[in-house]
Amino acid sequence: MAKSEFVTPAKITRGLGSAKSGTSDHIRQRVTAIALVFLVPWFLYSVINASSIGYAGAAEWAGKPWNAILLILTAGAAFYHMRIGMQIVIEDYISKTSTRSALLILNSFAVIALFVTVALSVLKLWIGAGA
Amino acid sequence: MSGTNRADPRPLSPHLQIWRPHATMFASITHRITGMGLYFGTFLIAAWLIALATGPEAYAQAEAVISCVPAQVILFVWTVAVLFHFAGGIRFLLWDGPHAGFEPKTASAVSVFLYVFAVLGSVAIWAAVLWL
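Chains as they are written, first to last, in the working numbering: chain A, 1 to 131; chain B, 1 to 132.
The set of hints was computed from the structure by calculation and includes no laboratory data.
It is possible that some hints are incorrect.
[What the hints assert, rightly or not] Across the chosen pairs, the derived CB separations fall in these ranges:
no., chain 1, residue 1, chain 2, residue 2, range
1, A, Pro-41, B, Phe-113, 45 to 51 Å
2, B, Thr-106, A, Leu-123, 44 to 50 Å
3, A, Leu-104, B, Gly-55, 33 to 39 Å
4, A, Phe-109, B, Val-65, 23 to 29 Å
5, A, Ser-52, B, Arg-32, 42 to 48 Å
6, B, Ala-127, A, Thr-13, 32 to 38 Å
[Claimed, not checked] Beyond 12 Å from chain B on every Cβ pair, some chain A residues (computed):
no., residue
7, Ala-10
8, Ile-12
9, Thr-13
10, Pro-41
11, Trp-66
12, Ile-69
13, Ile-105
14, Asn-107
15, Gly-128
By construction, the Cβ of each residue, glycine as well, lies at the ideal position given by its N, Cα and C atoms.
Looking at chain A on its own, in the form it has when it is part of the complex (with noise of 0.2 Å):
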C-alpha cells in the first residue's frame, strides 16, 4: 500500500467509515432535529405557563394526557439529539482512548437514566391526575 493512501484494505472491506458507525447517528440526529422543530415551540409555550401557576396547576398541566405524551416525546427527542451531539463532541476533542470510552459510556448513561426517571415522573403525574 502506497504511504499516500490512508485508507486500509480492512476499512474498506468494513465499510462503515472513519466513525465507525456510518451514517446512521448523522440521519438520526436529523430526524430527532425535525421532530424538536415541532416539539421545542410547545415546550417553551407550555413550562413558561405551567412554571408560573404552583404545584396544583403545574402537576393538573402535566398530568393531561396530551401534555404528558408531548413531554414524553420531547423526552424522548431531546434526550437522543442531546446523547448524539455530546458523543459527537467527545470523539472530536477526547482522543485519548480511555478517557474517550469513559466519557462516551458516562453519557449513554447519563442520559438514558435521566430519559428514563422523566418518562416515569410524568407518567406519576399522569396516573396521580386520575386520566
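Add chain B to chain A, keeping to what the hints say.
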C-alpha cells in the same frame, strides 16, 4: 493530538487558526457551544419536572431555587441558547435537505440573524413572562 501514539502520520483536518474569521464559522462554533450548554441546562429543566412528580415539598424547594437571581440568569442564558440552537438547527436542516441558503452572502446574513434572533427573542419572551 498529543497523548496518542499513532503509527503513521495521517493528515489532520485544518485547524481553526488557519481560517480567516467569518460569520458562518462563529455561528457553527456557537451552535456547538450552545448544544453543550443545553445538554446540561436540560438536566436542570428535567430536575424541575422530577421535583413536580416527587410532590409539593420538593416542588416548593425547586421553585425557591428557580426564583433566585443566579438561577434566573442561568434560565435567561438557557433561553438564548435554546433559540440560537433552534434557529441554527433549522438552518442546518435547510442546508442538508433542500440545500437552501448555501450562497456565501445568504449564509453570512443568516449567521448574523441567528445571534440577533436568539438575543431579541429571549428578551421578548422574558419581557412577556415578567410583565404580561
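Outcome of the hint check:
1. A:Pro-41 to B:Phe-113: 45 to 51 Å: 18 Å, violated
2. B:Thr-106 to A:Leu-123: 44 to 50 Å: Holds, at about 45 Å.
3. A:Leu-104 to B:Gly-55: 33 to 39 Å: 35 Å Cβ-Cβ, so the 33 to 39 Å window holds.
4. A:Phe-109 to B:Val-65: 23 to 29 Å: Holds, at about 25 Å.
5. A:Ser-52 to B:Arg-32: 42 to 48 Å: 32 Å, violated
6. B:Ala-127 to A:Thr-13: 32 to 38 Å: 59 Å, violated
7. Ala-10: 14 Å, holds
8. Ile-12: The claim stands: Ile-12 of chain A keeps its Cβ more than 12 Å from every Cβ of chain B (closest is about 16 Å).
9. Thr-13: Consistent with the label, Thr-13 of chain A stays out of reach of chain B, its closest Cβ about 19 Å off (over 12 Å).
10. Pro-41: Not fine: 8 Å to the nearest Cβ puts Pro-41 of chain A too close to chain B.
11. Trp-66: 16 Å, holds
12. Ile-69: Consistent with the label, Ile-69 of chain A stays out of reach of chain B, its closest Cβ about 14 Å off (over 12 Å).
13. Ile-105: It holds; Ile-105 of chain A is separated from chain B by about 16 Å at its closest Cβ, greater than 12 Å.
14. Asn-107: 9 Å, violated
15. Gly-128: 8 Å, violated
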